[in-house]
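**Q** What follows is the residue order along each chain.
There are 2 protein chains.
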Amino acid sequence: MSAFDDLMAFQRETGALAQVAGRLGWDQETTMPHGAAEQRSEETAALESVLHARRTDPRVGEWLAAIDAGALDEVGQAQLRHITRSFTRAGRVPGKLAADLARLTSRAHRIWAEARADDNFAAFAPVLRDVVALKREEGAALAAGGDVYDALLDDYEPGATAQQLSDMFGALRPRLVALRQAILERPAPKPLSGTYDDAAQMALAQKLAETFGYDMSRGRLDKAVHPFSSGSGDDVRITTRTNPLDPFNCIYSTIHETGHAAYEQAIAPAYRFTPLGEGVSMGVHESQSRIYENQLGRSRAFTGWLHGQMRAQFGDLGLDPEAFYASVNSVQNNYIRTESDEVQYNLHVLLRFDLERALISGDLAVDDLEAAWNERFAADFGFAVDKASDGVLQDVHWSAGLFGYFPTYSLGNVYAGCLNKALRQAVPDLDAQMAAGDLGAATGWLRENVQRHGGLYTPREVIERACGFAPSEAPLLEYLEAKFGDLYAL
Amino acid sequence: MSAFDDLMAFQRETGALAQVAGRLGWDQETTMPHGAAEQRSEETAALESVLHARRTDPRVGEWLAAIDAGALDEVGQAQLRHITRSFTRAGRVPGKLAADLARLTSRAHRIWAEARADDNFAAFAPVLRDVVALKREEGAALAAGGDVYDALLDDYEPGATAQQLSDMFGALRPRLVALRQAILERPAPKPLSGTYDDAAQMALAQKLAETFGYDMSRGRLDKAVHPFSSGSGDDVRITTRTNPLDPFNCIYSTIHETGHAAYEQAIAPAYRFTPLGEGVSMGVHESQSRIYENQLGRSRAFTGWLHGQMRAQFGDLGLDPEAFYASVNSVQNNYIRTESDEVQYNLHVLLRFDLERALISGDLAVDDLEAAWNERFAADFGFAVDKASDGVLQDVHWSAGLFGYFPTYSLGNVYAGCLNKALRQAVPDLDAQMAAGDLGAATGWLRENVQRHGGLYTPREVIERACGFAPSEAPLLEYLEAKFGDLYAL
Numbered sequence: 001m002s003a004f005d006d007l008m009a010f011q012r013e014t015g016a017l018a019q020v021a022g023r024l025g026w027d028q029e030t031t032m033p034h035g036a037a038e039q040r041s042e043e044t045a046a047l048e049s050v051l052h053a054r055r056t057d058p059r060v061g062e063w064l065a066a067i068d069a070g071a072l073d074e075v076g077q078a079q080l081r082h083i084t085r086s087f088t089r090a091g092r093v094p095g096k097l098a099a100d101l102a103r104l105t106s107r108a109h110r111i112w113a114e115a116r117a118d119d120n121f122a123a124f125a126p127v128l129r130d131v132v133a134l135k136r137e138e139g140a141a142l143a144a145g146g147d148v149y150d151a152l153l154d155d156y157e158p159g160a161t162a163q164q165l166s167d168m169f170g171a172l173r174p175r176l177v178a179l180r181q182a183i184l185e186r187p188a189p190k191p192l193s194g195t196y197d198d199a200a201q202m203a204l205a206q207k208l209a210e211t212f213g214y215d216m217s218r219g220r221l222d223k224a225v226h227p228f229s230s231g232s233g234d235d236v237r238i239t240t241r242t243n244p245l246d247p248f249n250c251i252y253s254t255i256h257e258t259g260h261a262a263y264e265q266a267i268a269p270a271y272r273f274t275p276l277g278e279g280v281s282m283g284v285h286e287s288q289s290r291i292y293e294n295q296l297g298r299s300r301a302f303t304g305w306l307h308g309q310m311r312a313q314f315g316d317l318g319l320d321p322e323a324f325y326a327s328v329n330s331v332q333n334n335y336i337r338t339e340s341d342e343v344q345y346n347l348h349v350l351l352r353f354d355l356e357r358a359l360i361s362g363d364l365a366v367d368d369l370e371a372a373w374n375e376r377f378a379a380d381f382g383f384a385v386d387k388a389s390d391g392v393l394q395d396v397h398w399s400a401g402l403f404g405y406f407p408t409y410s411l412g413n414v415y416a417g418c419l420n421k422a423l424r425q426a427v428p429d430l431d432a433q434m435a436a437g438d439l440g441a442a443t444g445w446l447r448e449n450v451q452r453h454g455g456l457y458t459p460r461e462v463i464e465r466a467c468g469f470a471p472s473e474a475p476l477l478e479y480l481e482a483k484f485g486d487l488y489a490l
Numbered sequence: 001m002s003a004f005d006d007l008m009a010f011q012r013e014t015g016a017l018a019q020v021a022g023r024l025g026w027d028q029e030t031t032m033p034h035g036a037a038e039q040r041s042e043e044t045a046a047l048e049s050v051l052h053a054r055r056t057d058p059r060v061g062e063w064l065a066a067i068d069a070g071a072l073d074e075v076g077q078a079q080l081r082h083i084t085r086s087f088t089r090a091g092r093v094p095g096k097l098a099a100d101l102a103r104l105t106s107r108a109h110r111i112w113a114e115a116r117a118d119d120n121f122a123a124f125a126p127v128l129r130d131v132v133a134l135k136r137e138e139g140a141a142l143a144a145g146g147d148v149y150d151a152l153l154d155d156y157e158p159g160a161t162a163q164q165l166s167d168m169f170g171a172l173r174p175r176l177v178a179l180r181q182a183i184l185e186r187p188a189p190k191p192l193s194g195t196y197d198d199a200a201q202m203a204l205a206q207k208l209a210e211t212f213g214y215d216m217s218r219g220r221l222d223k224a225v226h227p228f229s230s231g232s233g234d235d236v237r238i239t240t241r242t243n244p245l246d247p248f249n250c251i252y253s254t255i256h257e258t259g260h261a262a263y264e265q266a267i268a269p270a271y272r273f274t275p276l277g278e279g280v281s282m283g284v285h286e287s288q289s290r291i292y293e294n295q296l297g298r299s300r301a302f303t304g305w306l307h308g309q310m311r312a313q314f315g316d317l318g319l320d321p322e323a324f325y326a327s328v329n330s331v332q333n334n335y336i337r338t339e340s341d342e343v344q345y346n347l348h349v350l351l352r353f354d355l356e357r358a359l360i361s362g363d364l365a366v367d368d369l370e371a372a373w374n375e376r377f378a379a380d381f382g383f384a385v386d387k388a389s390d391g392v393l394q395d396v397h398w399s400a401g402l403f404g405y406f407p408t409y410s411l412g413n414v415y416a417g418c419l420n421k422a423l424r425q426a427v428p429d430l431d432a433q434m435a436a437g438d439l440g441a442a443t444g445w446l447r448e449n450v451q452r453h454g455g456l457y458t459p460r461e462v463i464e465r466a467c468g469f470a471p472s473e474a475p476l477l478e479y480l481e482a483k484f485g486d487l488y489a490l
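First to last, the sequence lines map onto chains A and B.
Under our numbering, the residues of the first sequence are numbered 1 to 490, in order.
Under our numbering, the residues of the second sequence are numbered 1 to 490, in order.
The following block holds chain A by itself, in its conformation from the complex (with noise of 0.2 Å):
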């Protein structure tokens, strides 16, 4: 065996374990018992445990030192981009940090679900700032040199800058605001009323999730709190959540988790369990769940047929087909970014994006947070925030530690709108098509140009390569304007 074959074997072990560790994630949130919380979490620390001695074990150095790049094939010498990139990043950051941020935003977590049911960030605050000044240190280990907060958007975003990002997303910020201002000074969509029996819910989003291409015969759906999808290849599972007086929330939350799961059943099966063999990114991650959600989804083709499915399966909807795709479509004020629209939920992220880079770069003091929070949601959605659980303590996200993660939402999104008009020009018809319930050609499309990659590509590139043009917030906004024009007649 080559260096490269043992790397490889060794690899492949490792991903193997990583399967496992999603597994036990998914079990923790559809089916562990409540009894079982704390000795769970001894479980996965033990299993994370083998899975980061893994990822910085010296033999993975020896091998990468002993391998001729030069001899590799395109998939090889991919592999070998992968694995050296984590096992750099790895090994900058001490041992004695990964713990400390791990026991830190372990507690964090905790801290800020009671300040959040309180609806004081004060109480937030302080663990707030340590949670920063440990995500500081572990951006200037990973940096080495370069920009930290870089460094730490790297972790989802392979290769993507702040500055890349924030030239899109300033285009968009401008434009956006315009569009949602033009669109609440016209009269609000009748909304859907009544009430949808749960399991009637649950059938509807098995046969959605079908309908979008997704194998059951190598996957499952289950109910959870906050929908997921978990694992790779032959094992990728989605969650969803029924609410019996909005059906559209399981019906969205069902058709974007199975973007996100049609993308990890679609890869290569020779990719498995090695570092090609998942998404490539958590922005492309985002571009698939989020294509299939809402420029497919949400389209007026496919709400018509939509339309008829519930009708069969709950009766008279008391809304026409041009009805419920304004009520799908509906533009609202609101708080939450996780319940917003196609054309404020961008919104929320910007927000969130530059109020994270300050903080890390220092120009932001966390006790000056919440002012900052409140001030540029009032500046972009023209209302104040009324608590601190509908502003800046709503989002999980940064007591996790997960600063970089925010932008890869809104990038998803621009990959959406660019792959997009790409599969528009592929399948002329595909209007047509999706107004009879059939969206084989525009998943295959997808499949084929960007889900069975992987990771062989880079993350614009895959993009780039699907799209035959490079990456940028244009189509989106044409895309927005256009629809939202129309359906508010602007």
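Keep in mind the hints are simulated off the structure, nothing from the lab.
It cannot be assumed that every hint is accurate.
Copies of the same chain look alike in the list, so a pair counts if it works inside one copy or between any two.
As the list claims (entries may be wrong) - Heads up, simulated DMTMM-like pairs for lysine to aspartate or glutamate below, C-alpha to C-alpha not over 25 Å straight-line:
#1 LYS223 - ASP27
#2 LYS421 - ASP341
#3 LYS207 - ASP341
#4 LYS223 - ASP198
#5 LYS207 - GLU448
#6 LYS96 - ASP5
#7 LYS387 - ASP341
#8 LYS483 - ASP429
#9 LYS421 - GLU461
#10 LYS96 - ASP6
#11 LYS190 - ASP246
#12 LYS421 - ASP438
Could you slot chain B onto chain A? The hints should help.
**A** Then chain B, alone, in the frame of chain A:
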């Protein structure tokens, strides 16, 4: 930290990883998508490989050598005894032999399943020959000069010897053969008829599990093709199955698995993730499942209460409480061990025990196994085996290399007989309590005297301490002869 503390910290992490492997097994049998089977086998193998490396880690040997056993308390000495035994055993089996066995039994299992479907022992014989050869090799390595079969038995029942078991079983066999003959000359009890709703069976199963002291906040009940229990401590899960024509299958599978699970749930929390933190042997484990299922669950007193529960759940049963009790305890000719009753079950096991000892000693050739099985079966049961799937091919164990496992089933019954005798002395009004559906005193006595100790004492010790007398087959025989003598008016 002392060497002992280091060793225990390492063991706890290993124990936590072993629990993760258990969760993975539970998932595989209950929730895993069927298309994930191949990928899962790689995930399981990766985790097993980590566990194997830890169990044979040279540091364990160094810690063991550095520990002053005399300075440890009773618990510490018990930990040391378990760890030393496991480490010594693991070190005696060459890595290549362990790997060959894993590969071979995986293949043998597939061949066995096909041969059973085809009722063709000749198709299974060649690979079974190879399995026996490797198990003899493994047994010889483990025995280090001692008895080969005892060395294999020790995996499932530490400290037991074939001679000991043979003495017990030799006393059981003639009286069980005589008892079954006498019973089968009497009229058969009227069987339960009708069909029983699946969801109502599961609701009853949950109620029964809780009645027998299963803590549902630290466990869950699901369905599986072959019922099992899994896990230790605060996450112990049970499974059952339903058959619309035979609710007793669901009821007694559930109570049986509840016995296993209650044991694991009851072990002292301080032992979690250590060798003391799980049931001490297969025999003691089976003693708990069997006393829950049989001596308690199939008693006249308890079935009287159960009769009322079933009437409430399913309406008129067509049997009065006494006929219901007779139906629950019906003894009939059958081929299959797992479908057998209290009287005949041990005869099935004793047959396998004698044959597998002869296979391992070389006194019986695999080519002669089917004939030997059929001859013994006819001698003990008085009728002929009709086909291999009802005879020598019915059990999975030998294909999986589990030689030494079978006798623990009957040892468990023997121990259950002893515990039942002691329990009845300790709780004189047990029948009155059970007739009211109150199992609290019975399960509390077992928890206090057996279950909470986990691996603190040796298997025989824990039974002897609970009973106050040395375990023997006599109480089981007395119990069976009295119960069935009365039931069948012998």
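**Q** Against this structure, judge whether each hint is valid.
**A** Consistency of the hints with the structure:
1. Taking identical chains as interchangeable, the C-alpha atoms of LYS223 and ASP27 lie at most 25 Å apart whether they share a chain (11 Å) or sit on different chains (16 Å).
2. In this assembly of identical chains, the alpha carbons of LYS421 and ASP341 lie at most 25 Å apart only when taken from the same copy (20 Å versus 69 Å across copies).
3. With identical chains, the CA atoms of LYS207 and ASP341 are at most 25 Å apart within one copy only, with a shortest distance of 24 Å there and 46 Å across copies.
4. Taking the closest pair of Cα atoms, LYS223 and ASP198 come within 25 Å of each other both inside a single copy (11 Å) and across two copies (22 Å).
5. With identical chains, the CA atoms of LYS207 and GLU448 are at most 25 Å apart within one copy only, with a shortest distance of 23 Å there and 51 Å across copies.
6. When the C-alpha separation of LYS96 and ASP5 is checked against a cutoff of 25 Å, the pair qualifies only between copies, where the shortest distance is 21 Å, while the shortest distance within a copy is 32 Å.
7. In this homomeric assembly, LYS387 and ASP341 come within 25 Å of each other (Cα to Cα) only inside a single copy, at 21 Å, whereas the closest approach across copies is 66 Å.
8. For the identical chains of this complex, LYS483 and ASP429 are intra-copy neighbours only, at 18 Å inside a copy versus 77 Å across copies, given an alpha-carbon limit of 25 Å.
9. Proximity of LYS421 to GLU461 under the C-alpha cut-off of 25 Å is restricted to the intra-copy arrangement: shortest distance 17 Å within a copy versus 75 Å between copies.
10. In the homo-oligomer, the alpha carbons of LYS96 and ASP6 lie at most 25 Å apart only across protomers (19 Å), although the nearest pairing inside one protomer, at 29 Å, exceeds that limit.
11. For the identical chains of this complex, LYS190 and ASP246 are intra-copy neighbours only, at 14 Å inside a copy versus 54 Å across copies, given an alpha-carbon limit of 25 Å.
12. For the homomeric pair LYS421 and ASP438, the shortest alpha-carbon distance inside one copy (19 Å) is at most 25 Å, but the shortest distance between copies (69 Å) is not.
The structure meets every hint from the earlier list without exception.
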